[in-house]
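Since chain A is already given, all that's left is putting chains B, C and D with the ligands on it; use the hints.
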Amino acid sequence: MYTEKVMEYFTKQENVGEIPDADGEGTITSPTCGDLMKVTIRVKDDVIEDVKVKTFGCGAAIASAAMLTELVKGMPLSEAMSVTNMDVAEALGGLPSQKLHCSNLAADALQEAIADYKERNGNEATGQRGKRKEVPCQLEEAKGK
Amino acid sequence: MYTEKVMEYFTKQENVGEIPDADGEGTITSPTCGDLMKVTIRVKDDVIEDVKVKTFGCGAAIASAAMLTELVKGMPLSEAMSVTNMDVAEALGGLPSQKLHCSNLAADALQEAIADYKERNGNEATGQRGKRKEVPCQLEEAKGK
Amino acid sequence: MRRVYMDNSATTPVRQEVIEAMSECMKDDFGNPSSLHWFGRQARRRMETAREQVAGLIGAEPEEIVFTSGGTEADNMVMKGVTQQLRHKGRHVITSSVEHHAILHTGEYLEKNGFDVTYLAVDEHGRVDPDHLRHAIGPQTTLVSIMLANNEVGTIQPIEELAAICRENGVLFHTDAVQGVGQLDVDVETLGVDFLSLSGHKLYGPKGVGALYVRRNRRFQPLFHGGGHERRRRAGTENIPGIVGLGLACQLSHEELPERREKLVAMRDGLIAGLIERVEDVQLNGHPSERLPNNCNLSFNYVEGEAMLLNLDLQGIAVASGSACTSGSIEPSHVLLAMGVSRELAQGSLRLSLGSFNCTEDVDYVLETLPPIVDKLRQMSPLYHGKE
Amino acid sequence: MRRVYMDNSATTPVRQEVIEAMSECMKDDFGNPSSLHWFGRQARRRMETAREQVAGLIGAEPEEIVFTSGGTEADNMVMKGVTQQLRHKGRHVITSSVEHHAILHTGEYLEKNGFDVTYLAVDEHGRVDPDHLRHAIGPQTTLVSIMLANNEVGTIQPIEELAAICRENGVLFHTDAVQGVGQLDVDVETLGVDFLSLSGHKLYGPKGVGALYVRRNRRFQPLFHGGGHERRRRAGTENIPGIVGLGLACQLSHEELPERREKLVAMRDGLIAGLIERVEDVQLNGHPSERLPNNCNLSFNYVEGEAMLLNLDLQGIAVASGSACTSGSIEPSHVLLAMGVSRELAQGSLRLSLGSFNCTEDVDYVLETLPPIVDKLRQMSPLYHGKE
Ligand SMILES: Cc1ncc(COP(=O)(O)O)c(C=O)c1O
Ligand SMILES: Cc1ncc(COP(=O)(O)O)c(C=O)c1O
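Chains as they are written, first to last, in my numbering: chain A, 161 to 305; chain B, 161 to 305; chain C, 5 to 392; chain D, 5 to 392.
Careful: at least some of the hints might be erroneous.
What the hints assert, rightly or not - Cut-off 27 Å, straight-line C-alpha distance, at most; resulting in silico cross-link-like pairs (DSSO-like, lysine-lysine):
1. B:K233 with B:K204
2. A:K165 with D:K380
3. D:K116 with C:K93
4. D:K116 with D:K93
5. A:K212 with D:K380
6. C:K93 with B:K212
7. A:K233 with A:K165
8. A:K172 with D:K380
Since the hints were made in silico from the structure, they are not lab data.
These numbers were taken from a predicted model, which means no experiment stands behind them.
Chain A extracted, bound-state conformation:
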């Protein structure tokens, strides 16, 4: 079902975890399959210096999380704000269609984290947060938040 690339990212452990005292934190859950993702970021000079993610979810979710962290580590915030779930899926070389809109949450969680960072720093949230509805799978914020 999964491509080799997806399986490769599924096994990557580098950016798994949680940054203590993170600058921004975002959690998102998929109501359709219950997958849950928590992204924490450390921001320095408007660049994502470090990013870590925790995932409760299937292979696609875990691989998306790993891919996202690789994509945005070292990226200016302004650029990271336009990263979408589709970008992640594309970077993975595609995901099974039934997974595309339920387990592919990582970018949404990142946008939450960026928004959180901006709020904490007095800025208005202007990232992709408001654009989440473009992804057909209706996402709601994690209850935990």
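Frame of chain A; chains B, C and D with the ligands shown alone:
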């Protein structure tokens, strides 16, 4: 489908044919499957001295015909008059159920032949002729008769 | 005893390659293709390769192939599924009077369940007249099903023309190609059909597996409900070894078709000519030219089919007959009767169907063996007065 | 890589004897059992031997066995066929909420077509309460279908009691025994059922073949129309090699059942105890004692099933999960939810199903491999706060 015994009688050729100037002749056809049988007998001293049969029909029909001729050759007419299709089927050790009432016509043809013999000799037909309706398969006399 | 199998329209021998591929599949790739793990993925890969092979033989896309348990299931699937799907549009179905029972009896079932079914007549060669179809189609008609080639007499129908009429009228068209696939060039685009049935055991593949071709976006109610297999069109764990066998049989058929056909035609024509030459009062049933490469169907006056069949069997030759006694019904072959063949001649019909395992010696053996049998049976027949 | 197959409830490996018997059958006895000639008779003989073998395993008479293309077909056949046959008597069907989709989705189909279907609830172990059945039966009820043993959690239902209730009420009773046959003593007389489904590929036989037991004189509308095969109950050329394989698998199961069961139970109990010992926050799903000898279904808190499954697969271990992601639907396992298991725990369920090809080393390998995987995934999980 057929037992070995049926196949053995299927191949018997001894009494196949037609007795020239027979004393009695009976033809019967099965409307259900179109099988046709013609029995000719030679009678001497109220005994069936010779019997021959011609068959247009399937394996069961041909085997029944052969069995019948063996059964009744040398039999007193009085006894032969009570030979039924079921007797023939039993002597063959059974026939496939779907053949039992359509191709197993030989005894009926014999009764026709006996009746014909009796008519020719001024006697009333008193054989199994009237009993044919007992056999579930509705028989009608051959058009040729 | 020498054994000659000439009943390839009933079922074909299985290719050795197919047997081996199936054994190997059962041994190594026994997984359930729905499983996510390695064993499941292996099985799925096998299945998808087979799907490409089947699609390749008939010019379809792999996604247009739904695997079934055989021709009968494919026929039932389309007849019941399409009529049910479109029952709000109309309740009229058209087929022909010479279809296989898998279509005819499903038609009768539909009639009992509120549908109207028209059974188109055929000419003396067993062909449907396209004009009859044109006139039979009404606003209520949702489906037309006409077989590609007849299993008894081998007559090939003008499918392209029939399908075109349906398309013009916005009616879906199915062809039961169980007898044609593997012998004829079958291309779903050329034919212009919406659905097509085929069966593994008629083309040197395994029994218990077949396929329904479903043109993209043609919908039908599934016959089996359950898991979401076959894109929700046919529930049930897939018969992977059978599917692998079917796929390989299709691929071999694809590669060997021209050669196979040529060989069959040569044997068939030798058989027909040889028998007509050697036996009096014989008639060829079916179409003189528009007929399956492997089909020889003859009626022998004055004798009954099963009796010929059994006598041939005693000499090691396997054939079929359209007599009532072998059809298991009261009537002899509905196909021959529909073509206007008399009951008596229908009773005396014999189908010799060749296959790629046959050789010229087989034909010769039949030409040697059959005429004396007919002769013997005629001598036994009360209908025969020829040379008594 | 070491490969350990523990997904025997999805499908079993095929016995070597079965593969060989099928190959031999395809090679030597390829005939169509409807044919009158030698080839046909050979095939018919094979089929009737297999029918006796299948009947023998479940205490039935050979005539009570109808061969099908698998469990799904058997389930559809009885659900649709019996309800249709008796629709003038009533239009109410009862089943349970933990049935296989072959039953559940057929139930939904029936609902869409004018029938009422009651889905009986189950207790936390997945069992139906006979009293619930008693109350659910009404004058309109014609059929009750309750599975013998559940495919996900292995819970065995009190079939004898349920069937007796139906009999008292003049209602026909079907059991989907696809998972039970070959592992449990199954006797149709003891159980008192009218219909029973079984499938070849769950008992070391081939895919694409199964059977429906039909008690003498129980009638139903056939699912396939066509030829008069299987005493007019299932049209279509019979899958002889598949049937031969099923027959042999049944015979082997019959002979080896006590030994097989003992071995499975020992491995299963070792697996369950070993995992519960080695991993915290685990719960066993299903019934503690009334469960299939081969079934181990556990929920691992804080982690998702597919992720465990994929990690196990990377280490060569094949299992299944009830998570939404592997069930192909939006909801996780309907069985676990019906038993009152939370969504989260249903998401984190794993089914390890043993087979007669497994050995203690396989169990040990899983006991070694799975705990670190769970641990790793918990460390990755935002839900887990245990030992971060
Ligand atoms: C024309 C035709 N249609 C359908 C079928 C049924 O196919 P199957 O035997 O695979 O069920 C057959 C053969 O039996 C056939 O010849
Ligand atoms: C309980 C149960 N019923 C029915 C089926 C369907 O059987 P098959 O896969 O042979 O169609 C299965 C297995 O898939 C099953 O486990």
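Here is what the structure says about each hint:
1. With a C-alpha separation of about 11 Å, the suggested pair K233 (chain B) and K204 (chain B) falls inside the 27 Å cut-off, and the hint holds.
2. For the proposed pair K165 (chain A) and K380 (chain D), the alpha carbon gap of about 21 Å is at most 27 Å, so the pair holds.
3. Annotation: proposed proximity of K116 (chain D) to K93 (chain C) holds, straight-line Cα distance about 18 Å (limit 27 Å).
4. For a cut-off of 27 Å, the pair hint linking K116 (chain D) to K93 (chain D) stands: about 19 Å separates their Cα positions.
5. A C-alpha spacing of about 15 Å is found between K212 (chain A) and K380 (chain D), which places the hinted pair at or below 27 Å, so the restraint holds.
6. Taking the CA atoms of K93 (chain C) and K212 (chain B), the gap is about 64 Å. The hint is violated against a cut of 27 Å.
7. Distance hint between K233 (chain A) and K165 (chain A) is fulfilled; the C-alpha atoms sit about 19 Å from each other, no more than 27 Å.
8. The suggested pairing of K172 (chain A) with K380 (chain D) holds, with an alpha-carbon distance near 12 Å, which does not exceed 27 Å.
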